Amino acid sequence: MSEVNANDEIRFIREMIERTKEITAGSWMFFLVWGIVAILGVVGMYVLVYLEMFSLIWLNWIVFVAVGIVYTFVYAAKMERRKEVKSYAHKITTHLSISCGIAFILVGFVFPALSLYTWGLIAVFISLITKILVFVMGGIYNWNLLKWCGVIWWAGALGMVFLHENYRSLLFVPLILIGYIMPALVLRSMYKKQSEKNVT
Amino acid sequence: MSPEKLDGLDPIIHSRIRLAVLSILVSVDEASFNYLKQTIGTTDGNLSVSLSKLEEAGYISIKKTFKGKKPLTTCNISEKGRQAFSEYVKTLEAYIGFKK
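Protein chains in written order, with my numbering: chain U, 1 to 200; chain S, 1 to 100.
The hints are simulated quantities; they were obtained by calculation from the structure and are not laboratory data. Hints should not be assumed to be uniformly reliable.
Here's a subset of chain U near chain S, in silico, CB distances under 10 Å, partners left out [what the hints assert, rightly or not]: (1) Phe12; (2) Glu15; (3) Met16; (4) Ile17; (5) Glu18; (6) Glu84; (7) His90; (8) Glu165; (9) Lys193.
Below, computed lysine to aspartate or glutamate pairings styled on EDC-like, alpha-carbon distance capped at 20 Å [claimed, not checked]: (10) Lys69/S to Glu80/U; (11) Lys70/S to Glu84/U; (12) Lys80/S to Asp44/S; (13) Lys91/U to Glu56/S; (14) Lys64/S to Glu93/S; (15) Lys83/U to Asp29/S; (16) Lys64/S to Glu84/U; (17) Lys67/S to Glu165/U; (18) Lys37/S to Glu15/U; (19) Lys63/S to Glu80/U; (20) Lys69/S to Glu84/U; (21) Lys91/U to Asp29/S; (22) Lys78/U to Glu30/S; (23) Lys64/S to Glu80/U; (24) Lys86/U to Glu79/S; (25) Lys90/S to Glu80/U; (26) Lys90/S to Glu18/U; (27) Lys67/S to Glu80/U; (28) Lys67/S to Glu30/S; (29) Lys37/S to Glu165/U.
Since the structure is predicted, the reported quantities are computational estimates derived from the model, not experimental observations. Each residue gets a CB set at the ideal place from its N, CA and C atoms; glycine is no exception.
Just need the whole structure built from these sequences, with the hints factored in.
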């Protein structure tokens with residue numbers, strides 16, 4: 001065996017291992033759904049504020065988040081049935097998503113209900129948790145776009161601190177569009193290309 | 001890969017498809033036959049032969065089940081296979097290091 005061949009074999013092994021880390025094709029749906037749920041929640045919240053129906057703001061969020069959770073469970077179960085491989089990368093992201101999901105509920109609903117802090121801080125904490133979710137996922141799948149989206153969420157969380165608490169949630173909209181829906185659309189296009197490649 | 005001097009490399013792994021199968025299986029819990037076929041880019045026949053050789057050597061285990069009405073073949077790497085793969089990579093790395 002020549003040195004060139006040995007190097008070639010090592011490169012080949014790396015390439016095969018990298019292929020197992022390709023982001024799960026259908027993941028874009030989770031990003032898109034949660035992005036839309038969050039935007040609708042923010043819009044709903046400001047409409048209720050405009051109508052001075054403050055007591056319904058919590059209900060607004062509970063309804064949208066519940067819809068997101070139900071959809072996530074149904075879609076995840078469907079994907080699980082279709083899955084051809086159980087990769088460690090997917091296992092880690094599933095556990096990361098569950099951890100962040102529980103943290104979202106605690107930070108967004110439970111802790112403010114226990115009066116641990118005012119509602120104005122929810123958006124800041126949610127942005128920080130989203131930053132961890134997106135940035136770590138970017139690291140696991142070695143996808144720089146997601147890592148940068150994570151940085152944007154972190155910058156957004158910092159920026160929110162300097163805004164009046166009434167307007168913090170408004171900053172969510174551009175953050176969700178850039179840091180959540182944009183990668184979802186890129187993933188969707190990757191998924192379509194992958195599907196076309198598999199057909200041909 | 002040209003079958004030149006093997007230099008202590010495990011002959012069971014020293015084939016493109018079998019090396020690809022083990023490289024994938026060390027990184028996943030389990031993978032289906034279809035996933036391996038698509039990821040490696042090989043034919044049903046070639047993959048079947050390679051999987052059988054790896055199974056005979058005790059490097060992988062193959063499970064045949066049904067997903068609905070369709071047959072589903074899944075593979076995972078054994079401890080013996082993991083060790084053999086690790087030795088194979090170490091031999092390659094040692095070879096490159098020795099040359100340098």
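A quick look at each hint next to the structure:
1. Phe12: holds (7 Å)
2. Glu15: holds (8 Å)
3. Met16: holds (4 Å)
4. Ile17: Constraint on isoleucine 17/U satisfied, holds at 5 Å.
5. Glu18: With a closest approach of 9 Å, the glutamate 18/U hint holds.
6. Glu84: Holds - the Cβ of glutamate 84/U comes within 10 Å of chain S, reaching about 4 Å at its closest.
7. His90: holds (9 Å)
8. Glu165: Since the shortest Cβ distance to chain S is 45 Å, the answer is violated.
9. Lys193: violated (14 Å)
10. Lys69/S to Glu80/U: holds (17 Å)
11. Lys70/S to Glu84/U: At roughly 13 Å apart (the allowed maximum being 20 Å), glutamate 84/U and lysine 70/S satisfy the hint.
12. Lys80/S to Asp44/S: Judged against 20 Å, a Cα distance of about 25 Å means the pair is violated.
13. Lys91/U to Glu56/S: Violated, because 29 Å separates the two Cα atoms, which is more than 20 Å.
14. Lys64/S to Glu93/S: Judged against 20 Å, a Cα distance of about 35 Å means the pair is violated.
15. Lys83/U to Asp29/S: Since the Cα atoms of lysine 83/U and aspartate 29/S sit roughly 12 Å apart, the hinted pair holds (cutoff 20 Å).
16. Lys64/S to Glu84/U: This hinted pair holds, its Cα atoms lying about 14 Å apart.
17. Lys67/S to Glu165/U: violated (52 Å)
18. Lys37/S to Glu15/U: holds (15 Å)
19. Lys63/S to Glu80/U: holds (18 Å)
20. Lys69/S to Glu84/U: Holds. Lysine 69/S to glutamate 84/U sits at ~16 Å (cutoff 20 Å).
21. Lys91/U to Asp29/S: Distance of about 9 Å is within 20 Å: holds.
22. Lys78/U to Glu30/S: Cα-Cα ~18 Å, so holds.
23. Lys64/S to Glu80/U: Within the cut-off at roughly 18 Å; holds.
24. Lys86/U to Glu79/S: Cα-Cα ~18 Å, so holds.
25. Lys90/S to Glu80/U: violated (35 Å)
26. Lys90/S to Glu18/U: holds (19 Å)
27. Lys67/S to Glu80/U: holds (12 Å)
28. Lys67/S to Glu30/S: Answer holds: lysine 67/S to glutamate 30/S is near 15 Å, not above 20 Å.
29. Lys37/S to Glu165/U: Not OK: lysine 37/S and glutamate 165/U at ~54 Å, beyond 20 Å, violated.
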